[in-house]
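**Q** Residue 28 in the numbering used here sits at position 29 of the sequence shown, and the numbers go up by one each step.
Hints were generated in silico from the structure; no laboratory data involved. Treat the numbers as computed from the prediction; the structure is a model and nothing was measured. Accuracy of the hints is not assured; some may be wrong.
Under the rule of at most 30 Å between Cα atoms (straight-line distance), these lysine-lysine pairs were calculated in the BS3-like manner [to be verified]: (1) K147 with K157; (2) K175 with K157; (3) K175 with K156; (4) K156 with K74; (5) K175 with K74; (6) K27 with K156; (7) K74 with K157; (8) K27 with K74; (9) K147 with K175; (10) K27 with K175; (11) K74 with K147.
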Amino acid sequence: MRIAGLLLAAGAGRRFGGRKQLALIGDKPLVRCTLEALAAVLAEQPYIVLGAYRADIRPIVEDIAQVIDHSNWQKGLGSSIAYGVNTIEARQRYDGILISLADQFRLTSDDFNRLIERFDGDRIVAAHYAHSIGVPAIFPSTVFEQLKQLDADHGAKKLLVEMQQEIVTVLMPMAKLDIDVVGDIRPY
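Given only the sequences and the hints, what does the whole structure look like? Please build it.
**A** Below is the structure:
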């Protein structure tokens, strides 16, 4: 099966104080940490949606990802997903799209592989953490149209909740660790 990776990194990082994607985790930019783990498990370069700070982020990621510039990134996460899925679908045909967030920096290639191993081409496979389901998740082509209709700042969560009974879940406690404010980076 052909699976595209889609990393969402378009936000302004307001709670963080801006440029969250470029914050260093050790000696590596945050966005690069998640992108490398995702790229390692895919047969093709993943896609990355950029918006705010795209001129600064692009040089850091364009060697391992296909950049999607989203000029309306301010509309929120749902808008970035819709734009990314539209762009991917216009370029290639895929059986599924694995969507992840740039600030889920503790995810490993093993985490992404566990999702891929469970994907059958028909059902959503989503991470289960903090008593909830969420991204990273692989969405089959049968729900691409629903993803392309997203336009709010809620991402795909509503879709995941609506289809919860049909979703295959993978326990992934590290997915709950993300960066929201500068203090979240200090331990790393």
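**Q** Of the hints stated earlier, which fail here?
**A** No hint contradicted; all consistent.
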